[in-house]
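Protein chains in written order, with our numbering: chain A, 5 to 518; chain B, 33 to 200.
Check each hint, because a few of them may be wrong.
Take a look, some chain A residues computed to stay more than 12 angstroms from chain B by CB distance [unchecked claim]:
#: 1; residue: L17
#: 2; residue: P86
#: 3; residue: P133
#: 4; residue: P145
#: 5; residue: V156
#: 6; residue: H199
#: 7; residue: F416
#: 8; residue: G436
#: 9; residue: Q446
#: 10; residue: N497
Among chain B residues calculated to face chain A with C-beta under 10 angstroms, some are [to be verified]:
#: 11; residue: D54
#: 12; residue: L90
#: 13; residue: Q161
#: 14; residue: Q191
#: 15; residue: S198
Hint data in this document are derived by calculation from the structure and do not stem from the laboratory.
Don't be surprised by glycine CBs; every beta carbon is placed ideally from N, CA and C.
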Amino acid sequence: MAYTTLGVIPARLPGPVPVRRCTVDARQLVAVCGAVRQAGGLLHALWASDESDRGAGQLLRVALQDAAGLLILELPLAGDAPMFPDLSVLFPAAGRMQRAARDLSGVRPQGGDARPWLRHAGWPEDFHPLRKDAEAASAWPVRQERYAFVPVTGDGVHEIPVGPVHAGIIEPGHFRFSVVGEKVLRLEQRLGYAHKGIEKRFESLPIVEGVRLAARVSGDSAAAFSWAYCMALEALSGAAPPPRALALRALHLERERLANHLGDLGALGNDAGFAFGLSQFLRLKEDLLRANDAAFGQRYPMDAIVPGGVAADLDEPNRLRLLGEVAPLAEQVERLHAIYDDHAGVQDRFMACGRVEPELAAQLGLVGMAGRASQQLRDLRCDHPHAPYDALAVNLCGHRGGDVAARVAVRFAEALESLRLCRLLLEQLPGGAVRAPVPEPQPRAFGVGWVEGWRGPVLVALEAGAGGAIRRCHAHDPSWQNWPVLEHAVIGNIVPDFPLINKSFNLSYSGQDL
Amino acid sequence: MIHILRQIVRTGIVSEAPPPADEALRLRHKLHDEILRLLGRALCIRQVDAGSCNGCELEINALNNPYYNLEGLGIKFVASPRHADLLLVTGPVAKNMETALLRTYDATPEPKLVVAVGDCGCTGGVFGQSYASCGNVASVIPVDVQVPGCPPSPTAILQGIVTAVSAR
């Protein structure tokens, strides 16, 4: 799409994925956002960067996704209380990102929801941790938080507060249900409990070591985030990871996708009262993790992907072992798929539950696996394939249903597709080195990594500082876009179906709380 | 139904023996005789994610798979701290979770045990201490046993739990 009539002429950034960048004024920002929205594009991420050490103010960065790839607009903001146009009127997903940018960087949208998002009562309102003059080690006594939930009133309406400590083994967050009888009228989420200052922490780390932290933005997406971080670092420093390393990265990413889908398919069976499904799928997942441990020395790829390549090579006996396990695992997944499909009780719980119609998904900007289950047919591995995906012809798995059953169907299809990709990667594994040198980046060098993780597209925007430091690193999880859609998905459903609906999305708390 | 039964028979029993206790993991000694007398080997655990990356939760969830078969050992996860004998806590304690963790600890009846799981729970890990993070679990509530690892394997977590409930 051409934005030249708006005076916006973006420049292509180096790297394996199509990313363009351009400085804009407030009028151009709104105009380009409007044009992208009109053409069916998305808001991908929104964050701010403190430029006061360069004699400027704050810099607002808005990452949009259009047909050509990613477009990053940079809006310089002056003054001590910088304002920018409220983009939530064009992209509903912008609302929480703008609130987070205000909490962390002190930049304010001109309108929209004025409540804090990541800041609870742990630090004062005028402390903006991502400002360069904000001391990372600052500490305040915790106070009691008073958060203004939106009240729902009427005959027989009552509230059910849940969390932040949940009944299961899951991450912390608060859900406020307004219900009549068993029926949910409204769900309001209060997140940010797992905020642990990741973005500030990045700025204290050497740029080559930041990957350890990136892998821990969301532990179930370690391969996706560490690859995105390395992609950004390699793009801005001019490093070229060898083909064998790229194939092994994809192997890690697909096995991570597979592990998450297997675990969630079991948990979804369990949440529908089918404990057999949990036992069977957790057994398959455990087999997969044990094979990871034998082949790579790690059950989860927490430190597998490193700048310039991968930490560990795959030896020939383990290549053959992993290859030999693909077909039997696919056979077991297909057998369990048939059992799920034939089970009337399970299907009764899955079907028409937590439905997000394709129109609503498009309007709210649902992304990733959940998006594909509501006919939002985007997948970076298909739309903008970088090596090694450019040689694999990944099949996009979509569905029109938008309910739990559709998300289950997409997960089954994606698990089998990942197994097919693992087979291809292992059969065609190139020879050679698994790591290339990474030159020390120039200060101000800016790079972006964009990877289709199991949940959806993850983004890492990285800027180098002086002497091999990180000046700013923003990590974006697709849960930012999808959490607000979950609020819509449960409307009109009954409270006991919430765990099932929630698990069918399985969004990240840590990834959005940062 | 026949397919389900066939799959159960085909799978067989895959459960493995639990690991022995490891005294090196113990941080403090407290009340063991009393706990053993009261609980025997039945143990109820409330898991609290105080701000982890979710990696430790993946491995804690694995304890419920048929290989580790936690419930077969008389150990189960419960939905409320009021039903719990032991808190299994992960993460650096996020500032935004400090109050919730303290309340959960207070709601757990005495005698109670706390096992901190993962490098972050033991030391604050890669996230450390900051405006948003209180650091390790022991800086907020008393901890009996620490299980390092990023994430620790299910066997290591189970070993930490077994250590916490075993006599000195």
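Each hint, compared with the structure:
1. L17: The assertion about L17(A) holds, with a minimum of 28 angstroms to chain B.
2. P86: holds (21 angstroms)
3. P133: violated (5 angstroms)
4. P145: For P145(A), whose nearest Cβ neighbour in chain B is about 10 angstroms away, the distance does not exceed 12 angstroms, so it is violated.
5. V156: holds (24 angstroms)
6. H199: violated (5 angstroms)
7. F416: For F416(A), whose nearest Cβ neighbour in chain B is about 16 angstroms away, the distance exceeds 12 angstroms, so it holds.
8. G436: The assertion about G436(A) holds, with a minimum of 30 angstroms to chain B.
9. Q446: For Q446(A), whose nearest Cβ neighbour in chain B is about 26 angstroms away, the distance exceeds 12 angstroms, so it holds.
10. N497: Answer for N497(A): holds, closest chain B Cβ roughly 21 angstroms.
11. D54: violated (19 angstroms)
12. L90: holds (6 angstroms)
13. Q161: holds (7 angstroms)
14. Q191: violated (16 angstroms)
15. S198: It is violated, given that the least Cβ distance between S198(B) and chain A is near 23 angstroms, above 10 angstroms.
In this structure, the hints that do not hold are numbers 3, 4, 6, 11, 14, 15, in rising order.
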